[in-house]
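**Q** Position chain S against the provided structure of chain X, taking the given hints into account.
Next come the chains, spelled out residue by residue.
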Amino acid sequence: MTDYVIQQIVNALSAGSLYALMAVGLAMVFGILRLINFAHGDVMMIAAYLAVFCIGAGLPLEAALVIMVVGTVIVGLLMERIAYRPLRGGPEVAMLLSSFAVGQILQNGTLLTTRLAGKPTLIAFPSPEQLSGVITLGTITVSKVNVVSFVAGVVLLGLLTLFVTRTTLGLSMRAAAEDLDAARLMGIKVNRVVATAFAISAALAAVAGFLYAVQAGQINPYMGFTPVLKAFIAAVIGGFGSIAGAVLGGYVLGFLEVVVTALAGIGDLLPAGSVPPEVRGFLQQWLPSSLASYRDAVVFIVLILVLLVRPQGILGRRDEGDLE
Amino acid sequence: MTARRAAGPLLVILLSSVALAVLDASGQAFWQGLVINLGLFIILTVSLNLTSGFTGVFSLGQIGFMALGAYASAILTLPLQEKAAYLPNLPSWIAGVHFDEVVGPVPLGFLAATLIAAVLVSGVAWLVGRVLMRLSGHFVAVATLGFLVIVRVVLFNADAFTRGSRTFSNVTPYTNLWWTAIWTLGTVYVVWRIKRSSYGRDMFAQREDRVAAQSVGIRVMDPRLLAFVVGAFFSAVAGSLYAHFITSFSPTVFYFDLTFRVITMLVIGGMGSVSGSIIGAILIVGLGEALRRVEDVTLLYGLSSIVLAVIFIVVIIVRPAGLLGQREVPLDRLFDGRWWRRRPGPRPDPTPEGDQSP
Numbered sequence: 001m002t003d004y005v006i007q008q009i010v011n012a013l014s015a016g017s018l019y020a021l022m023a024v025g026l027a028m029v030f031g032i033l034r035l036i037n038f039a040h041g042d043v044m045m046i047a048a049y050l051a052v053f054c055i056g057a058g059l060p061l062e063a064a065l066v067i068m069v070v071g072t073v074i075v076g077l078l079m080e081r082i083a084y085r086p087l088r089g090g091p092e093v094a095m096l097l098s099s100f101a102v103g104q105i106l107q108n109g110t111l112l113t114t115r116l117a118g119k120p121t122l123i124a125f126p127s128p129e130q131l132s133g134v135i136t137l138g139t140i141t142v143s144k145v146n147v148v149s150f151v152a153g154v155v156l157l158g159l160l161t162l163f164v165t166r167t168t169l170g171l172s173m174r175a176a177a178e179d180l181d182a183a184r185l186m187g188i189k190v191n192r193v194v195a196t197a198f199a200i201s202a203a204l205a206a207v208a209g210f211l212y213a214v215q216a217g218q219i220n221p222y223m224g225f226t227p228v229l230k231a232f233i234a235a236v237i238g239g240f241g242s243i244a245g246a247v248l249g250g251y252v253l254g255f256l257e258v259v260v261t262a263l264a265g266i267g268d269l270l271p272a273g274s275v276p277p278e279v280r281g282f283l284q285q286w287l288p289s290s291l292a293s294y295r296d297a298v299v300f301i302v303l304i305l306v307l308l309v310r311p312q313g314i315l316g317r318r319d320e321g322d323l324e
Numbered sequence: 325m326t327a328r329r330a331a332g333p334l335l336v337i338l339l340s341s342v343a344l345a346v347l348d349a350s351g352q353a354f355w356q357g358l359v360i361n362l363g364l365f366i367i368l369t370v371s372l373n374l375t376s377g378f379t380g381v382f383s384l385g386q387i388g389f390m391a392l393g394a395y396a397s398a399i400l401t402l403p404l405q406e407k408a409a410y411l412p413n414l415p416s417w418i419a420g421v422h423f424d425e426v427v428g429p430v431p432l433g434f435l436a437a438t439l440i441a442a443v444l445v446s447g448v449a450w451l452v453g454r455v456l457m458r459l460s461g462h463f464v465a466v467a468t469l470g471f472l473v474i475v476r477v478v479l480f481n482a483d484a485f486t487r488g489s490r491t492f493s494n495v496t497p498y499t500n501l502w503w504t505a506i507w508t509l510g511t512v513y514v515v516w517r518i519k520r521s522s523y524g525r526d527m528f529a530q531r532e533d534r535v536a537a538q539s540v541g542i543r544v545m546d547p548r549l550l551a552f553v554v555g556a557f558f559s560a561v562a563g564s565l566y567a568h569f570i571t572s573f574s575p576t577v578f579y580f581d582l583t584f585r586v587i588t589m590l591v592i593g594g595m596g597s598v599s600g601s602i603i604g605a606i607l608i609v610g611l612g613e614a615l616r617r618v619e620d621v622t623l624l625y626g627l628s629s630i631v632l633a634v635i636f637i638v639v640i641i642v643r644p645a646g647l648l649g650q651r652e653v654p655l656d657r658l659f660d661g662r663w664w665r666r667r668p669g670p671r672p673d674p675t676p677e678g679d680q681s682p
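Protein chains in written order, with our numbering: chain X, 1 to 324; chain S, 325 to 682.
Chain X with its partners taken away, still in its complex shape:
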């Protein structure tokens, strides 16, 4: 039982790290531009494809990762320059709409490229040796990629915290998130700050995309949609626009999903005699095993509840939520 719980906790931490990496990228951009960057998931998808391409070309893993991150950052910067910068200062919804279109372009561009290269839509992801297999500690077995995901998340988010608190650029980024116009008046180069935010968020998305692809074992041009939705939820739960909140939200979401999955069908799973039959009947009725397939619906219901009850999220401030 303890082993099972620990394995589930590792799963939750691993999923939470990926959500946190994605959510932080969304939150940084949102904090400065008030843009919900829908194309963020597709940036992540691009990273996975770059990794497949590099590994397929026979490059060592380290080189592949470097090329993947650099390539993804370039995509992120181009996206900002072409599709978002011209819309800055316009109606709030314009950039959101533009990000839908960017997502369509990235998805279909990838689809087109894979078709032209004669590859199928669904590609198996070559899981590198360093990340496959399991780690055994006593009686506990956890898959290596889950541990790596968790560690990578913690390390990168730690580095990001150092960056935003200890460097001038990081500080100007926080100032821009606080009040873009005031920051501009103080001589902060807004274009540079925004570009940096997009570059960092793309780099984090690249790492998340790689790990996500390793876990999933396959990639397709539409793989970014579900993770970006989850990242929205994570960012909203934590408090949209707050980096710390996005990290927290990511882990909360990771745990929430694991809990929903673990609770589904728990009435059937409990050993005989451990609970009174009435309790078991109650559990079987209210937490049937089919609940697991409703997991995504459950997390979205939680999202809507958070939006209604505490729209500023766990760590956000009241003025962050633009409600009446």
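Quick caveat, the hints were computed from the structure, so don't treat them as lab data.
Keep in mind that this is a model prediction, so the values were computed, not measured.
Heads up, a few of these hints could be off.
[Claimed, not checked] Derived coverage of chain S by chain X (criterion: at least 3 residues anywhere in the stretch with Cβ under 8 Å from a Cβ of chain X; other residues may be distant):
no.	stretch
1	457 to 464
2	467 to 479
3	601 to 610
4	617 to 628
5	640 to 652
Every residue gets a Cβ at the ideal spot worked out from N, C-alpha and C, and that includes glycine.
**A** Frame of chain X; chain S shown alone:
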């Protein structure tokens, strides 16, 4: 509306009817299908315009209502034998229901099923809307997207009603040119009337400046909720027409690609303009079809979506209010007295122009 002002719109309706009759008689299945498709997109775009364009509350959940409408009406019209064969696990209270009566040339059962489905979906929209219309800005977009995901998950998992991820097939093909045309006309008329009504002005007023609107006693929730519910009603109608046109479908259709397609039509036409939505739908359906043919010839699948997305980005950068903004094509002034007496002068537009930002 005076007879003279009605003359312009009536002329357009008359000409369209003649064109439809010619098309109907011609037996060109491809063009008939394309026009039915266009009608469905006009209904979807105009109703999304009501929900999002008029009120500025950006909804991404509309296709969820369409999906619910499609499944609800298809379950209702399915003949009893088919129901027993395809949906053996339906609960008994609905397994015996079948709306497949046809009186002469008129499938009354289909009409009833469409209306029932649309009313049910409106009820869902009312419940969802009471909760979600309190949000605004980005948050309502995320929350309504959440609704779309929830609908999808439910459709995939409610096997007894929807056959899950398997195709829901053998729906009777009731939808034809005339049904589509009548519902399209009905949608356009209702939404256009709402725009010119005091409810519509409330919607635009709270969209332009919520605080100012509230300070002169305009409610925020009521017009938003009305727009959401009526928009959902017609989206469900579009879903029902779609189901009885395509006759077999699965939950995958009703997702983000379709949502984005309708948003493209809305934004290109102009958020707030009913005639703009019609023009947007015509342009994008036409362009989409042309590009699809290019794809078929060149085998560059994905190209059409890329081209449409690029056009979309260019439009929001160069002309953020879309082709028409919130103005309308002045059909009602087509026969104004210019020919035999002086024009009554420019009529002041009752809806405020200027800043288009929601």
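**Q** Is the listed coverage of the stretch 467 to 479 of chain S by chain X valid when you require three or more residues with a beta carbon under 8 Å from a beta carbon of that chain?
**A** holds (count 8)
**Q** Verify the coverage statement for the stretch 601 to 610 of chain S against chain X, using a C-beta to C-beta distance below 8 Å and requiring 3 or more qualifying residues.
**A** As far as the stretch 601 to 610 of chain S goes, the hint is violated, because 0 residues have Cβ atoms under 8 Å from chain X.
**Q** Taking 8 Å as the C-beta cutoff, is the stated coverage of the stretch 617 to 628 of chain S by chain X satisfied by three or more residues?
**A** This one holds; 5 residues, not fewer than the three required, reach chain X with a Cβ under 8 Å.
**Q** Take the stretch 457 to 464 of chain S, compare each residue's beta carbon with every beta carbon of chain X, and decide whether three or more fall closer than 8 Å.
**A** holds (count 6)
**Q** Verify this for me: three or more residues of the stretch 640 to 652 of chain S with a beta carbon less than 8 Å from a beta carbon of chain X.
**A** Our answer is that it holds, as 3 residues pass the Cβ test (under 8 Å) against chain X, meeting three.
Hint 3 alone, counting from the list given before, is not met by this structure.
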